[in-house]
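Residue numbers (the numbering used here), protein chains in the order written: chain A, 1 to 447; chain B, 1 to 447.
Wrong hints could be hidden among the right ones.
Same chains, same label: a pair holds when it works inside one copy or across any pair of copies.
Simulated pairs of lysine-lysine, DSSO-like, Cα-Cα distance not exceeding 30 Å [claimed, not checked]: (1) K272 <-> K14; (2) K272 <-> K351; (3) K217 <-> K272; (4) K383 <-> K194; (5) K443 <-> K14; (6) K176 <-> K272.
Calculated directly from the structure, the hints in this document are not laboratory data.
Number of protein chains: 2
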Amino acid sequence: MTAEIAETAETLLKNKQYASLRDMLSAMNEADIADMFTHVPEESIPLLFRLLPKDLAADTFALMETDDQELLIRGFSDSELKEVFDELYVDDAADIIEEMPANVVKRILKNTDPEMRAVINEILKYPEDSAGSLMTTAYISLRPEMTVSEAIKRIRRTISDAETAYVCYVTDDNRKLMGSLSVKNLLLAQPTEKIRDITDKSIICVHTHTDKEDVAKDMNKYDLVTMPVVDDEGRLVGIVTFDDAIDVMQDETTEDIERMAAISPIEESYFKTSDISHARNRIFWLLILMLSGVITGGILKQYETAYAAVPILASFIPMLMSTGGNCGSQSSTMIIRGMSLDEIHLRDFFKVVFTEIRVAAIIGVILAAADGLWILLTVGDGKIALTVSLSIIGIVVISQLIGCTLPMLAKRCRLDPAAMAAPIITTVVDAASVIIYFFIASKLFAL
Amino acid sequence: MTAEIAETAETLLKNKQYASLRDMLSAMNEADIADMFTHVPEESIPLLFRLLPKDLAADTFALMETDDQELLIRGFSDSELKEVFDELYVDDAADIIEEMPANVVKRILKNTDPEMRAVINEILKYPEDSAGSLMTTAYISLRPEMTVSEAIKRIRRTISDAETAYVCYVTDDNRKLMGSLSVKNLLLAQPTEKIRDITDKSIICVHTHTDKEDVAKDMNKYDLVTMPVVDDEGRLVGIVTFDDAIDVMQDETTEDIERMAAISPIEESYFKTSDISHARNRIFWLLILMLSGVITGGILKQYETAYAAVPILASFIPMLMSTGGNCGSQSSTMIIRGMSLDEIHLRDFFKVVFTEIRVAAIIGVILAAADGLWILLTVGDGKIALTVSLSIIGIVVISQLIGCTLPMLAKRCRLDPAAMAAPIITTVVDAASVIIYFFIASKLFAL
Numbered sequence: 001m002t003a004e005i006a007e008t009a010e011t012l013l014k015n016k017q018y019a020s021l022r023d024m025l026s027a028m029n030e031a032d033i034a035d036m037f038t039h040v041p042e043e044s045i046p047l048l049f050r051l052l053p054k055d056l057a058a059d060t061f062a063l064m065e066t067d068d069q070e071l072l073i074r075g076f077s078d079s080e081l082k083e084v085f086d087e088l089y090v091d092d093a094a095d096i097i098e099e100m101p102a103n104v105v106k107r108i109l110k111n112t113d114p115e116m117r118a119v120i121n122e123i124l125k126y127p128e129d130s131a132g133s134l135m136t137t138a139y140i141s142l143r144p145e146m147t148v149s150e151a152i153k154r155i156r157r158t159i160s161d162a163e164t165a166y167v168c169y170v171t172d173d174n175r176k177l178m179g180s181l182s183v184k185n186l187l188l189a190q191p192t193e194k195i196r197d198i199t200d201k202s203i204i205c206v207h208t209h210t211d212k213e214d215v216a217k218d219m220n221k222y223d224l225v226t227m228p229v230v231d232d233e234g235r236l237v238g239i240v241t242f243d244d245a246i247d248v249m250q251d252e253t254t255e256d257i258e259r260m261a262a263i264s265p266i267e268e269s270y271f272k273t274s275d276i277s278h279a280r281n282r283i284f285w286l287l288i289l290m291l292s293g294v295i296t297g298g299i300l301k302q303y304e305t306a307y308a309a310v311p312i313l314a315s316f317i318p319m320l321m322s323t324g325g326n327c328g329s330q331s332s333t334m335i336i337r338g339m340s341l342d343e344i345h346l347r348d349f350f351k352v353v354f355t356e357i358r359v360a361a362i363i364g365v366i367l368a369a370a371d372g373l374w375i376l377l378t379v380g381d382g383k384i385a386l387t388v389s390l391s392i393i394g395i396v397v398i399s400q401l402i403g404c405t406l407p408m409l410a411k412r413c414r415l416d417p418a419a420m421a422a423p424i425i426t427t428v429v430d431a432a433s434v435i436i437y438f439f440i441a442s443k444l445f446a447l
Numbered sequence: 001m002t003a004e005i006a007e008t009a010e011t012l013l014k015n016k017q018y019a020s021l022r023d024m025l026s027a028m029n030e031a032d033i034a035d036m037f038t039h040v041p042e043e044s045i046p047l048l049f050r051l052l053p054k055d056l057a058a059d060t061f062a063l064m065e066t067d068d069q070e071l072l073i074r075g076f077s078d079s080e081l082k083e084v085f086d087e088l089y090v091d092d093a094a095d096i097i098e099e100m101p102a103n104v105v106k107r108i109l110k111n112t113d114p115e116m117r118a119v120i121n122e123i124l125k126y127p128e129d130s131a132g133s134l135m136t137t138a139y140i141s142l143r144p145e146m147t148v149s150e151a152i153k154r155i156r157r158t159i160s161d162a163e164t165a166y167v168c169y170v171t172d173d174n175r176k177l178m179g180s181l182s183v184k185n186l187l188l189a190q191p192t193e194k195i196r197d198i199t200d201k202s203i204i205c206v207h208t209h210t211d212k213e214d215v216a217k218d219m220n221k222y223d224l225v226t227m228p229v230v231d232d233e234g235r236l237v238g239i240v241t242f243d244d245a246i247d248v249m250q251d252e253t254t255e256d257i258e259r260m261a262a263i264s265p266i267e268e269s270y271f272k273t274s275d276i277s278h279a280r281n282r283i284f285w286l287l288i289l290m291l292s293g294v295i296t297g298g299i300l301k302q303y304e305t306a307y308a309a310v311p312i313l314a315s316f317i318p319m320l321m322s323t324g325g326n327c328g329s330q331s332s333t334m335i336i337r338g339m340s341l342d343e344i345h346l347r348d349f350f351k352v353v354f355t356e357i358r359v360a361a362i363i364g365v366i367l368a369a370a371d372g373l374w375i376l377l378t379v380g381d382g383k384i385a386l387t388v389s390l391s392i393i394g395i396v397v398i399s400q401l402i403g404c405t406l407p408m409l410a411k412r413c414r415l416d417p418a419a420m421a422a423p424i425i426t427t428v429v430d431a432a433s434v435i436i437y438f439f440i441a442s443k444l445f446a447l
C-alpha cells in the first residue's frame, strides 16, 4: 500500500504538481510518510520533505531511517535545521543525535536553542542502553500542596498541545518522586481538591542507569504507559514512554533471534546493512562452527576402519547428527525464550533438567522405534537397526541435556544465553552424537 | 526476589499469622502477588487469595496462571465468584472465560450481573485471534455537540476511578466513530468549548475481525495507547489497550521463535506444559527431519564406493553439512525476522536474492580459503583441499539461496514462513550439500 503511495508521490513530483502533492502529504499520518520515504529514490526525499507542513515535518523526521535523516540534515540550511529540531521532542532529538557522525552533531547542537541543547547533552551523557538514554524530560510534575485547578494551570503553561501526556508525577521540594496521578483522575477531581489527596503514593520507578531491557520488562509487567526515571537521590529526572519501551522489546528479541541463528546482532535493517557487514556478522560463527565440524570430522576419522568395514554405517551419520542437532536446538530455544520471558529462572535448573530427561525419553523411544522399523524394512539388517535405534535414544537424551543446561550455565556466568546456544551446543552435540553412534556400533559389530 | 517473598508468605501462613500476612499482601502490587502465587504450593493459594483486599484480589486474579484461576473458581462459593468477577474489567473477564472448561464458564456466567454477562457474550462471539476478542468495551465515548464540562460530567458518571482511560472517542447519533480526543486535551480545554472543535478528526481504527497481530503492529506503528475497534457499519464497539497489544506481540514472537526451532507453538508456559505435550510439540518435526536425514543418507549411500575408495572424504561430511545448515538458517532467520518486522516485503524478492548471493560469495571464498589451508596443513593433500574448498563455495551459495527464498515463497503461498523454514530448509540444504560435495569429488578423483 505504501509502495503505491510512493509511486503516486513520484509521479506528482515528476509532473511538478507540488500543490496536489502537498495536499496529499498533509492528509497523511507521519508514520505512513516516513514509511513512504523508504520506497522513494533518495534524491526525491529532500524535495518531498520540504513540501511537508512544519509540525508534520518534524514528526516524520523523527520516524525516518537514520541515513535518510543524515542525508536531510546535510542538505538543510541552518535555519531549516533549527526549525526541525525545535519541533522535535527532546528524547527523539537525542536518539537521532546519538546516531549521527560528530561533525553533524556539532552542527545540530549549534543550531538548537540553549535549553534544548542542555537537555540533549543531559540525556547523551547516560550509558547507551540505560533508562537515562531512553527517557524524555517532557513530563508533568506537580506539587502535593497544589490544588487541582492550580495543577491544571501549571500543565497549560508547561506542555504543548502536541505532547502526549497520560500520567502526572508528584514531587516534593527536592524534586523527590512522591507518587503519580493519572490525567484522568485529575480531570475527574474537584478544582479545589489538593493534589496530595488524590495522588497514588505507590511508587514504581527505575534508576537512570537501569538497563533499558529491564525498564521495558517492568513497564510490561506493571502495564505502565510511562515509567518515571529517578537519579541516585531519588529525584525525578525523566520518564520512559510505552512506545519507546515496545521498540526496546522488539530490538532485544531480534538480537536474541539473530544470536540463536549464530548471527552477530545487526544495528541497521536488512537492506540498510552493506554486503560486507552482512558477511562480517555471519562469518565469525561460521568459522567457529566449521572448526566444530572439523572436530567432529576428526572424531569420525578415528572410526574410518569401522565404516570401511561396514560402509553402510556412514550413511546414517547425517540422520543421527541432524536429529541430535534438532533436539538440542529445540531444548535450548525453549529454555532461552523461557528465561527472557522470566518464566524460567536459574533456581529451576534441576526442575528443567529432569523435565528435559523425561521428555527426551519419550521422544527417543518413539524416534528409535520408527527408525529401527524403517531400517528393518529397507536394509533388513537387525544389527544395524539395533545400532541406530540405541544410538538415537542416547543421542536424543544427551542433546536435550546439553541444549537445556548450556543456556542456563551461560546465564549463570553472566553470558548471553542466546549467544552461547547455537554454536557451542551444535559443536558438543555433533561430537557427542558421532561418539555415541560409533561406540555402540563398535560394541555390536566388535569392530 | 519474588521467591523470597513467597517463602515469607509461606512461613507466615504456617504460623497462622494472618494479620501480618494480610498487611504484607495489601502493601504489594497485583503483578507481584500474581508472580508470588507461581512460587507457592497450590494448596496455599486459596487461603492466601482470601486474605487479599477485595479490589486487589480481582486485579491479582486477572494476572494469575489459567490453571490457578480455575483452581480458585472451583473453590469459590457463588458469592465469592460474583464478588471477583464484578470487580474485573470485562476484557479480562472474557479472556479468563475463554480459557475455562464449559462447566466452569456456565457457573461464572450464572454468577455475573446481566449487563456484564451480555458484554462477555458479545466479546466471546468474535473469532479467537480477532480484535473483537481482544478489545474491552470499557471506553469513553463523547458526542460532538457536548461541551467540555458536559463531557466531564458524562465521564464521571460512566467510568470508575479504577479504570485507566487515556483517550476518549467521539461518535455520532449512530455510534459511528468520528474521531478521538485525548483526556489531556479535554483537561486543557475551556469548560464551554464544544467537543466537536477539539476532536482530532484523523481516524485510525481496526475492524472487529482484524487479526490481533495486525492490531498490535498498527498500534506500534502509530504509537497508540488505545486502538478503536469498529464493526461493519463503522460503529465503535470497543478499544484495544496497549498492554494487551504488547502481550500479543510477545506471544507472536514466541511462536515464531519456536517454529524456527521446529517446535509446534505451545500455549502454556514451559513448566505448565506436561511432558507428553512437550514431546508432542517436538516429535512431529523431528520425525519429518529424520526423514530428511534418511534421504540425505540415501544420497550418501549412492557414493559408498567413493568413500570406500577414499575413506577420508567421509570425515568432511559433518563439517560441510553443518556449514550448509548454518548458512541456510542464518539467511532464513534474517528474512523471516525482516518480514515479521515489515522491513522485507515480497516485492523485494530479487533484491534479497541478489544480496544473499553477493554475501554468500564473500563468505564462501573466506571459508573455502580457511578450510583449504587447514586441510593442506593437516592432511597435506591438495586434491582433497581443492575438493572441499570448491564444495564449500558451492554449498554456501546454495544454502543461502534456499534459506532466503523458501521463507518468501512460503509467505507467497500464505503459509507461515517460520513454520516452513527450519525443517524444509534443512532437508534441502543437507541433500544439496552432499550432492555438491560428491559431485565435485567424483569429478576430481574420477570415481
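Structure-based check of all given hints:
1. When the C-alpha separation of K272 and K14 is checked against a cutoff of 30 Å, the pair qualifies only within one copy, where the shortest distance is 26 Å, while the shortest distance between copies is 60 Å.
2. Taking the closest pair of Cα atoms, K272 and K351 come within 30 Å of each other only across two copies (12 Å); inside a single copy the shortest separation is 43 Å, beyond that limit.
3. Both within a single protomer and between protomers do K217 and K272 lie at most 30 Å apart by alpha-carbon distance, with minima of 28 Å and 21 Å respectively.
4. In this homomeric assembly, K383 and K194 never come within 30 Å of each other (Cα to Cα): the closest approach is 86 Å inside a single copy and 88 Å across copies.
5. Neither within a single protomer nor between protomers do K443 and K14 lie at most 30 Å apart by alpha-carbon distance, with minima of 78 Å and 57 Å respectively.
6. For a Cα distance limit of 30 Å, the shortest separation of K176 from K272 qualifies neither inside one copy, at 43 Å, nor across copies, at 42 Å.
In terms of the numbered hints stated before, the structure departs from hints 4, 5, 6, listed from lowest to highest.
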